[in-house]
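Chemist: Given the sequences, and given the hints that come with them, work out the whole structure.
Line by line, the protein sequences are chains A and B. Residue numbers for the first sequence, in the numbering used here: 1 to 259. Residue numbers for the second sequence, in the numbering used here: 260 to 518.
To be clear, the hints were calculated from the coordinates, so they are not data collected in a lab. No false leads were slipped in.
Below, computed lysine to aspartate or glutamate pairings styled on DMTMM-like, alpha-carbon distance capped at 20 Å:
| hint | chain 1 | residue 1 | chain 2 | residue 2 |
| --- | --- | --- | --- | --- |
| 1 | B | K436 | A | E179 |
| 2 | B | K378 | A | E94 |
| 3 | B | K318 | A | E181 |
Treat the numbers as computed from the prediction; the structure is a model and nothing was measured.
2 protein chains.
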Amino acid sequence: MQRYKCVVSYDGTGFAGYQVQPGKRTVQGEIEAVLAKIHKGEAVKVTASGRTDSGVHAKGQVIHFDSPLSIPPERWPAALNSMLGGEIVILLAERVKPDFHARFDAIGKEYRYVLYLGKNKNPFNRNYAYHYPYPLNLAKMEEAARHLTGRYDFSSFCASNTEVADKVRTITDISLKKEDECLVLGFKGNGFLYNMVRILTGTLIEVGSGAREAAAIPSLIAARDRTLAGKTAPAHGLYLWEVFYEDWVQKSKTTKPGV
Amino acid sequence: MQRYKCVVSYDGTGFAGYQVQPGKRTVQGEIEAVLAKIHKGEAVKVTASGRTDSGVHAKGQVIHFDSPLSIPPERWPAALNSMLGGEIVILLAERVKPDFHARFDAIGKEYRYVLYLGKNKNPFNRNYAYHYPYPLNLAKMEEAARHLTGRYDFSSFCASNTEVADKVRTITDISLKKEDECLVLGFKGNGFLYNMVRILTGTLIEVGSGAREAAAIPSLIAARDRTLAGKTAPAHGLYLWEVFYEDWVQKSKTTKPGV
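Modeler: Next up, the structure:
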């Protein structure tokens, strides 16, 4: 038995989210169905770094699975992709130690949220960006982003039905970048609560529109009350961009010794 | 009765082409259905600059229709877009003379063809670019493009079942532009035959891959034989980008007197 780690990109539009649900088309369900075919009907369980909701996309989701087949790692992507159609793409596969775990070993994640600021609707990004054709004050959004960066109890930015007890997380970086007619918000941190990035985005939009003061963010965090934060931004603007593991950090350290 | 000209963008993925066909979902069919609703069930005929095939997109298709309603032109886009969903977007509407005709008055068109050159499949452009992950010699493609620019009988680059008698057309410009991991081919001309841009693209790809010589293009044009040209490139990489009318030329002349 050999354990494989894969980096997976998917268009979340046509799926009821990542996680298997009876009677629904899910990303995990599609990948497991293809793996079962390759294993002559034998079920292969796939474990991801975390779920993504219906409509949410991934540029670099990470999964792991075990297989007794002696397929070289570099051959797995083509083998899986030829059966997956184009909505889910395996970008990379590598052999990992038998105790590697896509979820428990993840030490951080990056999410990105794409706002399309163009005046007109655009049929080509309607499922890939949230159309927000109103003025935004980026300087105020950046001020709010600085207040949100750090180690805090993010209860105000978490869906109220979340069962996790410990809502303390560390956001290491929030970036705002204009790309053509889009504004891309990048969120890096050691972990994110349920709906956290979408609530952070909704709150930053309200700061940018003038509906909320950047200076009021610290008291909003302190209140630990979901009802005081902004709206949950729509799923289709959100991307799980990258998942970080210890080996990744070591690699970056060795390749960039000055950093 | 007032005639309106509209610029329309659409994602061709979910449509059986532009033109109405019984029992099929088409761009024209959707727009006419929405116009009928606005006109209390009265049929409104929509005329376009030309058809696009199934899977082909439009950034700037042009249509015209007549309406007895006294809606200001600037209000038409919002009225139609709210009922069209996001796949078809009316970008602009303006009142035109009663004899304006979207097809007969068009003096030229621009098409673009998008090749995605990335090594991996990309789930986000699978319906919007043709994935071609092999090397292309752009200098040779540009040489071939120069041979194809001009006034010629383009029978070699036209689907063989086309009924049009006169296959002489003028291509005024073919451009190649790298944009991130894509190569965008732009074709401007006074008119294009059925499948012409897709056959030109397929032929240019064969020149770029080394399967065909750029210097052999003049004899390929002279042969007037479809079987000698390249493969028809897939529909989903093609965009009707812009349609040109006389007033557009006059406007450009007045705003750019030096050109």
